[in-house]
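Trainee: As given, the protein sequences belong to chains P and Y, one line each in that order.
So in the working numbering, spot 100 of the first sequence is number 112, and the numbers just go up one at a time.
So in the working numbering, spot 155 of the second sequence is number 596, and the numbers just go up one at a time.
Note that these hints are calculated values from the structure, not bench results.
Ideal Cβ positions, reconstructed from N, Cα and C, are used throughout, including at glycine.
Be careful, since some hints might not be right.
[To be verified] Below are the EDC-like pairs computed for lysine to aspartate or glutamate, each with C-alpha atoms no more than 20 angstroms apart in a straight line:
#, chain 1, residue 1, chain 2, residue 2
1, P, K134, Y, E505
2, P, K116, P, E186
3, P, K134, Y, E491
4, P, K116, P, E189
5, Y, K490, P, E186
6, P, K134, Y, E474
7, Y, K490, P, D100
8, Y, K468, P, D100
9, P, K163, Y, E446
[Unchecked claim] Incomplete in silico selection of chain P near chain Y, CB under 8 angstroms:
#, residue
10, I21
11, A22
12, W25
13, L28
14, G32
15, L33
16, V35
17, A39
18, R40
19, I42
20, G43
21, D131
22, G153
23, S160
24, G162
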Amino acid sequence: MTQTLAVIIALQWIGLIGLGLVVLGLARQIGVLHNRLGPAGALMLSKGVKVGEPSPKFRLQSIEGGDVVLGGSDASGQSTLVMFVAPDCPVCASLIPTIKSIAKAESGRTRVIFASDGDPEKHRRYRAEKDIEGMPYVLSGQLGMTYSIGKLPYAVLIDQDGIIASQGLVNTREHIESLFEAHRMKIATIQDYLALKNDGEDRRDNSVLQTY
Amino acid sequence: MITIEPSLAWGLRIAMVVLIGLALLHKLRAPLEFRSAMQAYLRNTVLDKESIVSFLSLTVITLELAITFLVAVAWWPLVGAVALATLFLIYGVAMAANLLRGNALLDCGCSWGADRQPATWHRVWGNAGLSALSLLLAVPVVERPANNIDLFVAGAFAGFVIILYAISNQLMANSGRLEQKL
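One chain only, chain P, in its complex shape (with noise of 0.2 angstroms):
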């Protein structure tokens, strides 16, 4: 009777652990599958300051020195690219030379800035090494709590008005262009197109169900 106990209790465990391995490989799985079903634009994170909204006026300091004003409305009737980076983030490197060639595409139309924050050293040298010296950088932790940064790279774009047009988590030199065509779209972010596009469909599936 107590071996066929021990049987049942231990059968009973195995069973348990298995179910429990099977429910974490699902759940990884769900993960997975989560990081490939990505947006194809910039995905908005940002809990502060919403597009549509006034950009907060900050006057910081340039890691070279001079004053950056951020926000506001822009005299030379320029937009505003904030590139939030971090010099321990690989994709922020990564996307760089990118950021480089489309303040190239976009010069005189927009400035790009970078902001970051933390050691200024640690950042010079990150400037140097990545060959952003032309481009104004930043350092400000207000700057990313005002804006409510919780993932890198992330880009915000401000229009001449000095108001949010568009932001997003920017991992691809696509994900860039999408703020852009966000601006130019006058839609905030890939998150509302797809909304619109699914309330459209909602509404043509309802009017042939009322057809019928």
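Take the given structure of chain P and dock chain Y to it, following the hints.
Mentor: What follows is chain Y alone, placed relative to chain P:
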């Protein structure tokens, strides 16, 4: 007086030693990553200085090492349990303080068993739960001779707790992605 079955007490002790030991091992294998996580926690506070971040990183590693040893040897069950519960509480309070002051942490430094994930209120409650569970290690064990079934159940229970922790960690990482609405 409240007592606990020996197999459950041993299982819980093994599970806690494995969990805290693996977290410690992760810190020792990636000290720079851990230091960055620590710096992120202290960002824009009076403690955000290179020397303080280095000191605190080293202190946390030393504390974890000492607590893992204390819990593993079970020489002073009450001291080990309270120290472990306090450690989990400190981590939870640190996350909560950063969430309240709007410092969005890129990596909570607690991603064992899942991907890197930001600090969230789910994680804060998870730490409170772990802290409460740690206090069970201080409960006296029923005194009776142990048999093979006890040993088997202790091992299986420990494995089950570790798997449950890994599942909940993965689900919390997934939940962050679900909140992104895509």
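Trainee: For each hint, tell me whether it holds in the structure or not.
Mentor: Against the structure, the hints:
no.: 1; hint: P:K134 / Y:E505; result: 30 angstroms, violated
no.: 2; hint: P:K116 / P:E186; result: 16 angstroms, holds
no.: 3; hint: P:K134 / Y:E491; result: 12 angstroms, holds
no.: 4; hint: P:K116 / P:E189; result: 13 angstroms, holds
no.: 5; hint: Y:K490 / P:E186; result: 37 angstroms, violated
no.: 6; hint: P:K134 / Y:E474; result: 16 angstroms, holds
no.: 7; hint: Y:K490 / P:D100; result: 17 angstroms, holds
no.: 8; hint: Y:K468 / P:D100; result: 17 angstroms, holds
no.: 9; hint: P:K163 / Y:E446; result: 45 angstroms, violated
no.: 10; hint: I21; result: 6 angstroms, holds
no.: 11; hint: A22; result: 6 angstroms, holds
no.: 12; hint: W25; result: 4 angstroms, holds
no.: 13; hint: L28; result: 6 angstroms, holds
no.: 14; hint: G32; result: 4 angstroms, holds
no.: 15; hint: L33; result: 6 angstroms, holds
no.: 16; hint: V35; result: 5 angstroms, holds
no.: 17; hint: A39; result: 4 angstroms, holds
no.: 18; hint: R40; result: 6 angstroms, holds
no.: 19; hint: I42; result: 5 angstroms, holds
no.: 20; hint: G43; result: 5 angstroms, holds
no.: 21; hint: D131; result: 7 angstroms, holds
no.: 22; hint: G153; result: 4 angstroms, holds
no.: 23; hint: S160; result: 5 angstroms, holds
no.: 24; hint: G162; result: 4 angstroms, holds
Figure legend: structure checked against the earlier numbered hints; hints not met, in rising order: 1, 5 and 9.
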